[in-house]
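Asker: In case you want the letters, here they are:
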Amino acid sequence: MTATVPPKAPTFLGLPTAPRGVGHLRGDQSFPDAARGALRDGQLRANLGHATSTIRGKRAKVVDELPDWAQLREAGRALKAATMARLDEHLEELERQVTARGGVVHWARDANEANEIVTRLVQATGTTEVVKVKSMATQEIGLNEALEAAGLDVFETDLAELIVQLGEDKPSHILVPAIHKNRAEIREIFARTIPGVDPDLTDDPRQLAMAARTHLRERFLRARVAVSGANFAVAETGTLTVVESEGNGRMCLTLPETLITVMGIEKVVPTWRDLEVFLQLLPRSSTGERMNPYTSTWAGVTPGDGPQEFHLVLLDNGRTAVLADEVGREALHCIRCSACLNVCPVYERAGGHSYGSVYPGPIGAVLSPMLTGVEDNASLPYASSLCGACYDVCPVAIDIPSILVHLRAEHVEAQERPTAEAVAFRGLSKVMSHPRLWHLAQRASRLGRLIARGRPTLPNALPPPVSGWTRSRDLPTPPKETFVESWVREHGS
Amino acid sequence: MKVALFATCLVDTLTPSVARATATLLQRLGHEVVVPPGQSCCGQMHVNTGYRREAVPIVANHVRAFAGAEAIVAPSGSCVASIHHQQAAVARRAGEHRLADEAEELAGRTYELSQFLVDVLGVTDVGAYYPHRVTYHPTCHSLRLLKVGDRPYQLLRAVRGLELVELPGAEQCCGFGGTFAVKNADTSTAMLTDKMANVLGTHAEVCTAGDASCLMHIGGGLSRLRAGTRTVHLAEILASTEEAVTPDQQTRPAVSA
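Those protein sequence lines, which keep their order, are chains C and F. No gaps in the numbering here: position 334 of the first sequence is 334 in full-length UniProt numbering, and each next residue is one more. No gaps in the numbering here: position 181 of the second sequence is 181 in full-length UniProt numbering, and each next residue is one more.
Not one of these hints is a red herring.
No more than 30 angstroms apart at the CA atoms, straight line, and that leaves these computed lysine-lysine pairs for DSSO-like:
{"#": "1", "chain 1": "F", "residue 1": "K183", "chain 2": "F", "residue 2": "K147"}
{"#": "2", "chain 1": "C", "residue 1": "K8", "chain 2": "F", "residue 2": "K183"}
{"#": "3", "chain 1": "F", "residue 1": "K2", "chain 2": "F", "residue 2": "K147"}
{"#": "4", "chain 1": "C", "residue 1": "K58", "chain 2": "F", "residue 2": "K147"}
{"#": "5", "chain 1": "F", "residue 1": "K183", "chain 2": "C", "residue 2": "K170"}
{"#": "6", "chain 1": "C", "residue 1": "K430", "chain 2": "F", "residue 2": "K183"}
{"#": "7", "chain 1": "F", "residue 1": "K147", "chain 2": "C", "residue 2": "K61"}
{"#": "8", "chain 1": "C", "residue 1": "K8", "chain 2": "C", "residue 2": "K170"}
{"#": "9", "chain 1": "F", "residue 1": "K2", "chain 2": "C", "residue 2": "K480"}
{"#": "10", "chain 1": "C", "residue 1": "K480", "chain 2": "C", "residue 2": "K430"}
{"#": "11", "chain 1": "C", "residue 1": "K170", "chain 2": "C", "residue 2": "K58"}
No wet-lab data here; the hints were simulated from the structure. Nothing here was measured: the structure is a model prediction, and the numbers come from that model.
From just these sequences and the hints, can you work out the full model?
Answerer: Structure (structure tokens):
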């Protein structure tokens, strides 16, 4: 942790948040510092630009073909809002239904509790290997590290997660964790890390996929325990759902004897028919497909078919604190489609690692600071030009720009000592609310004419914070007279 | 119609020619223009930087300055969007319910220039003449918050002599974002670089938009590059005529090298 992190346990609105020292919700650099490095990486800029523009185009095409997209989106928003309003009741119903069907439900207050529960459950089976379905919740809590610390081998089976794991890298996108890598870089990782891989492996996508498939197949067949996340959990039937493209999830969810699912508490939906809405919204928004290739659903345990032991770990890790924020709670509606990442001009240039959290992009810039407490991720709400493209594409209409602005205010209002910026903004507030002071201040801005010495723009070398502007853009020399002054002079007031 | 002109703090202080052009245009269309001298700022910069409490007195000043106006027009999509979407909310959050109601009521009579021309006045041909190759950048708040749609294009297409060229990647943000441009200067500049590349790729002489703030950003970057392409506000183009009815209209680059 950096020295700037306050020593007391983090909270948000007075409620406990995701604890420090575990999981991947906090970076070790502020966003501007991390982005400065990433922006210099031409390969990264090219990879991200290509990948995000391709997926943006695919999404736009399949969304435009649905005449009722606006109504679907509103239905998704309304369902999520109604579910959150009675989240406790839906979760207890889910617990009853999962238990009635032979599953075991565990409640995890935070990342540490969830990691302990899963580690204990895996160890109880006597195995030393775990196969994993791609899951944001387990990335959030750092489950792989916890299992490895207990001497267990963890194998990611999603192709992109596998690339990240083999490359000892970090995910940089919610849906496509290796989006920052191109084919040539992936070939290099596979050639270096997969035992017995074909030495003539090329960067042909099919060849790369087949190499991963051969590598993974062996692990699917011998695995006795799988760990997954969940896209949705239906309270009324106790049904868990995972949607995916590759079939690795289906392997993990059906072949092993024991299945452990770690799910954020916000993933519950009340009824089976709610899936009708979300299974249309999600694939079109995430992969730009009309329907995802694999939708797996299961409820408890079915004798003689699939895993004979099923555990569901319900994870809070700061979500209750988010729910307490009447503006920010909308962020819990997120279905992790990542459409907002793909349209975000900041994400496209700075890349996912700059956010320091497993949740990057616009949704990450609101979710991460609320899960950790704003002060532990204070630069993230400012990592946006507020262009609003994220809100436009969000399939459940999360007003991300408004939450960003709200969290900026939460950060400002949390400061116990006034910052130089706060002093300036408070002064400016007084000036802008008193016309006489405002006109004096406008006149004072004309001092800029002295340093411009007759040139139409001010000099480049100005002190901070103006230097942040003038390093790359010229600033016009202030005019002799404001518009209001000249108008009053001509017309009287 | 009697139109109260809200110049906006940035235009009034740094690019007064944009407000002058707006007034000239509205007068040419036969309307009376008044400029309430007590005006300053809509409060958006404070709200968006996290100073929502400090924005409340600024909102109060704005409401005082424009009280009783029949219609209020501003040459800025961003400021009008803030008036529509933020002013009442910050006042209400601070417990100033009367101010919030007044701000809401005033917002109902506040228009961005292109919306006022097309929707309220019902004109698309404003009688302008502007013999230049022009590309249009739809600023984010005009596009996504106000949903001005194709109104600026309708207005530009009706300008005599003007050659309108399509801007590739038009809907991508230019990277201004208020204090974002300073707090995240590197990312902002990366966005600006791509925007400028697209602008220069059109070989337009002029890049126009409905927001002086975004134009100051794009224009400031183009000026630094000595690119030759200049930024001119939509109001300045629409105010231009063969007779140059606006003698003090800035025909030089908005920010020149």
